[in-house]
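As they're listed, the protein sequences go chains A and B. Under this note's numbering, the first residue of the first sequence is numbered 22, with each subsequent residue one higher. Under this note's numbering, the first residue of the second sequence is numbered 602, with each subsequent residue one higher.
Just so you know, these hints were derived from the structure itself, not from any lab. No residue lacks a Cβ here, since even glycine has one placed at the ideal position from N, Cα and C. Treat the hints with care, since some could be wrong.
[Stated by the list, open to error] Derived SDA-like pairs (lysine to any residue); straight-line CA-CA distance at most 25 angstroms: (1) B/LYS651 - A/GLY228; (2) B/LYS704 - A/VAL82; (3) B/LYS747 - A/THR81; (4) B/LYS704 - A/THR80; (5) B/LYS747 - A/SER70; (6) B/LYS651 - A/GLY218; (7) B/LYS644 - B/ASP718; (8) B/LYS747 - B/ALA670; (9) B/LYS747 - A/ASP88; (10) B/LYS642 - B/ASN664; (11) A/LYS257 - A/THR303; (12) B/LYS642 - A/THR236; (13) B/LYS651 - B/ARG751; (14) B/LYS747 - A/VAL87; (15) B/LYS747 - A/ASP74; (16) A/LYS257 - A/PRO272; (17) B/LYS747 - B/ARG658; (18) B/LYS644 - B/THR625; (19) B/LYS704 - A/THR236; (20) B/LYS747 - A/ASP83; (21) B/LYS651 - A/SER235; (22) B/LYS704 - A/SER84.
[What the hints assert, rightly or not] Chain B stretches covered by chain A per the calculated footprint, using a threshold of three residues with CB under 8 angstroms from any CB of chain A: (23) 623–634; (24) 648–655; (25) 714–722.
[What the hints assert, rightly or not] Have a look at the derived ranges for each label pair, beta carbon to beta carbon: (26) A/THR81 - B/ASP693: 25 to 35 angstroms; (27) A/ASP242 - B/ASP638: 26 to 36 angstroms; (28) B/GLN705 - A/ALA140: 36 to 46 angstroms; (29) B/ARG722 - A/GLY218: 28 to 38 angstroms; (30) B/GLN705 - A/THR167: 31 to 41 angstroms; (31) B/ARG722 - A/VAL197: 53 to 63 angstroms.
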Amino acid sequence: MMMIAPVGGAKHRLLPSCSIIALLAALALPILAEAAGTRAGSTISNTASASFDTGGGTTTVDSNRVDLLVDEVLDVTVDSSNPADVPTTPGATGQVLTFSVTNNGNGVEAFGLTTIANAGGDNYDPVVTQTYLDNGDGIFDASADTLYTPGANDPSLDPDQSITVFVLATTPGTVVDGNRGIVSLVAAARTGTGDPGRSFAGQGEGGGDAVVGSTGADGTDAGAFVVSAATVTLVKSAVVTNSLGTADPIPGASITYTIVATVAGSGSVSGLAITDNIPADTSYAPGSITLGGSGLSDAADADAGDYNGSRINVMLGTVAGGQTRTVTFRTQID
Amino acid sequence: MRTVLFLLLAALAPAQALAANQVTLDNHVFVERVSTDAAGKQKILLEEPKVVVPGDRLVFVLNYRNAGAQPADRFVITNPMPSAVRFADAGDTRPLVSVDGGKQWGLLSDLSVPMTDGTRRAAQPADVTHIRWAFRDPIPVGGTGKLMFRGVVR
Numbered sequence: 022m023m024m025i026a027p028v029g030g031a032k033h034r035l036l037p038s039c040s041i042i043a044l045l046a047a048l049a050l051p052i053l054a055e056a057a058g059t060r061a062g063s064t065i066s067n068t069a070s071a072s073f074d075t076g077g078g079t080t081t082v083d084s085n086r087v088d089l090l091v092d093e094v095l096d097v098t099v100d101s102s103n104p105a106d107v108p109t110t111p112g113a114t115g116q117v118l119t120f121s122v123t124n125n126g127n128g129v130e131a132f133g134l135t136t137i138a139n140a141g142g143d144n145y146d147p148v149v150t151q152t153y154l155d156n157g158d159g160i161f162d163a164s165a166d167t168l169y170t171p172g173a174n175d176p177s178l179d180p181d182q183s184i185t186v187f188v189l190a191t192t193p194g195t196v197v198d199g200n201r202g203i204v205s206l207v208a209a210a211r212t213g214t215g216d217p218g219r220s221f222a223g224q225g226e227g228g229g230d231a232v233v234g235s236t237g238a239d240g241t242d243a244g245a246f247v248v249s250a251a252t253v254t255l256v257k258s259a260v261v262t263n264s265l266g267t268a269d270p271i272p273g274a275s276i277t278y279t280i281v282a283t284v285a286g287s288g289s290v291s292g293l294a295i296t297d298n299i300p301a302d303t304s305y306a307p308g309s310i311t312l313g314g315s316g317l318s319d320a321a322d323a324d325a326g327d328y329n330g331s332r333i334n335v336m337l338g339t340v341a342g343g344q345t346r347t348v349t350f351r352t353q354i355d
Numbered sequence: 602m603r604t605v606l607f608l609l610l611a612a613l614a615p616a617q618a619l620a621a622n623q624v625t626l627d628n629h630v631f632v633e634r635v636s637t638d639a640a641g642k643q644k645i646l647l648e649e650p651k652v653v654v655p656g657d658r659l660v661f662v663l664n665y666r667n668a669g670a671q672p673a674d675r676f677v678i679t680n681p682m683p684s685a686v687r688f689a690d691a692g693d694t695r696p697l698v699s700v701d702g703g704k705q706w707g708l709l710s711d712l713s714v715p716m717t718d719g720t721r722r723a724a725q726p727a728d729v730t731h732i733r734w735a736f737r738d739p740i741p742v743g744g745t746g747k748l749m750f751r752g753v754v755r
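Excised from the complex, chain A in its bound form:
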């Protein structure tokens, strides 16, 4: 079937209305990119006609018609939809990475999805627990999206159609701040994959063959988590003053406690509170709580501090890594 086609220029002189310049200009123009292309199973027909005059008026003849069947091309791409690493914390569950799977072929095709979390190039392996197929809103919602089961509900995509896929993972409790964990999503044409040009006879849409396209009929892309954790360090110190001007803890002496909370790491802590019981044989000095040098009332009210008769409490709320908070209060030795 293979043959060399003899291709040459016109033997006979054409009307002088054409120029080689036009041809060069045409060749210089970029070839427009096509997406999925002509639908698999369609037929390309070509017929030319010739008209001429042999003295009795114009006559037209048609050439033979050549029909070509368009085969199905198997092509798919996967793209991570997360613009940056997704923050996670040690031990967190249901951590979501978002991907987009696009059928770049020219026929309807189902794609099998798998994940790879142990390919290396990162600090830890996220534990993939589930994969969900989006319901079309692009937002993960376990109650509205479809849990994916390989082989059972492989997404079937029209040419150029995309689907959003959510990969859920658990972050191991052993990771530390700054660790990265990569998960790749792989989509593979159910008809088959392989080197570009590999053909699956009769398995194309519309009765033709299915041919592996330039993507190898499978695609992959990686998303990553980054552990964004914070640690809190509390340092407590006490200073004694008395009427003698010494630091001896005699009855009537005043003890000023200073508690410094230091938050470290790339994350932040939320709901941070400092609570300290008033030691036995001492009495709390009313109105002595300070936060960052500013006084706080003893009542449980709008400000962050309170004293309830046995302990002081200061609500620090959310504190980002790299920041410190300093709380002081005083007691008197009974």
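We have chain A; now place chain B onto it with these hints.
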């Protein structure tokens, strides 16, 4: 009435028979397959395909022959582009093209395409809907020739 009809048929029939014998136009479509040999040298093979895929480069070859007893004057060959094929080039055969379904003809560089906002842009190969070769001189008795153009399956 019947007589007139017979006369008309009689007048048409020989002309058609004559025309069919006069000029033949043979249409072949090849696909360019690039293969790389062991030495890494690329070879372009032309195959006559039954099936194609988007992106395949097709070579359309038209062979004409004047098999009649009279020279064929005002000889014009027209090939409408299959809608699924994007015109690429026509080698050195210098055709006229149409970008509006065959209404107007010209060099691709002289043609333009209307935009939705009312302006016009320069025509590109992808806009070509028809290709035409118009011959200046009659095709002599027994004369043959070959025309070609390339396209890409959309």
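Non-conforming hints, listed in increasing numerical order | Structure breaks hints 7, 10, 18, 19, 25, 28, 30.
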